[in-house]
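**Student:** Following the hints, put chain B with the ligands in place on chain A, whose structure we already have.
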Amino acid sequence: MRIGPEEPCVPGFVSAYPSLAVQLPGAAVPWLRRSRDEAFERFAALGLPTTRDEDWKYTSVAAIARRVFRVDGAIEVSDEVRAVVLRHAIEGTQRMVFVDGHFVPGLSQPATLQATLPEGARVGSLAQAVEARADDVEPLFAAAGDAADGFSALNAALWSDGAWIDLAAGVALEAPVHLLFVTTRSDSASFPRNLIRAGEGASATVIEHHVGPDGASYLSDTVTRIVLGRGARIAHTKLQQEGRKAFHVADVAAEQGQDSAFVSHALAFGGQLSRAAIATRLGAEGCDAKLAGLYVGSGRQHIDHHTCIDHAAPRGTSRELYKGVLDEAARAVFNGRVIVRPDAQRSDALQSNRNLLLSEDAEVDTKPQLEIWADDVKCAHGATVGQLDADQLHYLRARGIAEGDARALLIRAFAADALAGIEHGPLRARLESLLPGALPEAA
Amino acid sequence: MLEIRNLHVTVDDKPILRGLDLEVRAGEVHAIMGPNGSGKSTLAHVLAGREGYVVTQGEIRYMGRDLLALAPEERAREGIFLAFQYPVEIPGVANIYLLKAALNAMRRHRGESELDAVDFLALVKGKLKLMDMDEALLYRAVNEGFSGGEKKRNEILQMAVLEPRLAILDETDSGLDIDALKVVANGVNAMRSPERAMILVTHYQRLLDYIRPDRVHVLALGRIALSGGPDLAQDLERRGYGWVEGWVQAEAQKRHAASAGGAG
Ligand SMILES: Nc1ncnc2c1ncn2[C@@H]1O[C@H](COP(=O)(O)OP(=O)(O)OP(=O)(O)O)[C@@H](O)[C@H]1O
Ligand SMILES: [Mg+2]
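Just so you know, the protein sequences line up as chains A and B, in that order.
Each residue of the first sequence is one higher than the last, beginning at 1 in UniProt numbering.
Each residue of the second sequence is one higher than the last, beginning at 1 in UniProt numbering.
Extracted from the complex, chain A is given alone in its bound form (with noise of 0.2 Å):
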């Protein structure tokens, strides 16, 4: 479907730009001021996506377009807003939360994150950095390239605020870091972008958490990007779990530096329309990529997940797997890209989706796309779709386990392997309580 001009998305956000510009953090720094000009020009230019672009071939975002969203300065911290962060919260992290786009330190934890670090870390509020120390910041917003499209480009040019984790060579934060994007309002946009630098072997791991109510449609926009030295380790995890009226579409990118790990977890609950752009660039040798990813859909849900490893280096590992459990006429989209470039020779990868469709009228289409240009690899993909197996339900029942309980075990069982490379234990139960029947985190 082509999104004509006559749609207002794009329309609205161009008229509400000027005003906008001149509040958004950083609007006296001239380098992101002129940052931000460009990456608008770049998104009226671009547009939103439409199906004719290979890359949303199967994602439609006409629903977005159709639509005119706000973008709010000012937030306000409610009593429900309190509530929602203490049911979000995650046992053992540091958390940094934002409402709407914006850093709310009263409801981060601890209050002042800054003093618990270790010397040469910093986690803070990307907006306040800018402003503080903008010079710092500079670097990292010139490694995290190009937006590939309309999305991206309306982030980097609209972003309100985010998270900026800053690590010194050598610096392990020991306590996950979890990011809290909370959505309060209806026909909002929120824009978060967060940038993650490890320095020469060092290590953190970061949880990104989107939450909204299931009330409101709203347009959560994200980007992050992550740089990671050598040696270094950056564990990410993607939570999405937003209203079910929402739409989010997400862009996150690593580039790696030699013999860093990074592993990546893709976690999608929520949304109306979610997207997902996960690629890392195993940009030196002996680099390591683990992405693994988990959507869980229901209801008219379309998820779609978009991923690209690019083994440009050689001696690089990297293990993908990706899985799916969609019930009712729920739809999922996986397009896993692997690149194996020229000079990467004596690559390793392996790529898997497997999808578990619990109802005949969920859909999932399932595309690997290799592309391999060294020719010492090893290299191997496959992908899925099946239901639930009736002769394993009938054993469970058998041993008297009422219906409901042995699906639960059996979708359990399912993505029990994509959720195992996750170490934060209570993030472990928290994901595993969200599977469908299972029993309350509690239980």
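Please note: incorrect hints may appear among the correct ones.
Said to hold, decoys possible - Residues from chain B that face chain A, not an exhaustive set, calculated with beta carbons under 8 Å: (1) A48; (2) A101; (3) L138; (4) D209.
No lab work stands behind these hints: they were computed from the structure.
Every residue gets a Cβ at the ideal spot worked out from N, C-alpha and C, and that includes glycine.
**Tutor:** Here is chain B with the ligands on its own, set in the frame of chain A:
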């Protein structure tokens, strides 16, 4: 305990059981033999409530109740246990988890409290010993990668933990080596009790040397064609099933001729 009357069962519209009668009382052990494809597993599946097995005629009463009205899990909780001829592999579900979930489902149904982890483990370890099984099997996925014999032992382990009222063992002896057969037979014998009934489906006299049945039945042509005492199994071993089938067919022809004569 179990009364089956005039049971007719079809699978995919194909009639498999055609007028089967069987009565099993508490404390009894019955052996069911019969040629391949005669419907022994079909009977076992119908008792356990497997979907796709359609009862077109007849009734099954268990403990005085209509068994066919119960869902598979309800039957299990009421004490029916089927040791499957082909135990199912369930990747991702730990064997011990299944045992615990099954036992606690049973206990809840009986109004008993769930066992805590310590008591449960003590119970299971005792049964493991009885079955001469390696503890490591507890922590592996249900039947996944188990050898044929390990799968069969695992079925009996489950039976030992769940302590059913009516156990149906579908060819649990097939594929067991001689030592394993003894272990399994010991496990089964240890469970014989005046309150418990067992149905052993088997092809071999060998099992019945270890577990002496009260009655032996031959299933052929969709019904119990012949019943007798423990010695019947030996006769069968000698004479083969052709003998039984020939006899059943002759009987059927006689009946047919008689009813045709009656009508004419
Ligand atoms: N799903 C099915 N569709 C069609 N026919 C079936 C189906 N399941 C079983 N049957 C048939 O029903 C008949 C009885 O099968 P069953 O498994 O009960 O035999 P059995 O007596 O247990 O044999 P065995 O000694 O080989 O285990 C066989 O002819 C079998 O092919
Ligand atoms: Mg059989």
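**Student:** Against the structure shown, which of the earlier numbered hints fail to hold, in ascending order?
**Tutor:** Violated: hints 3, 4.
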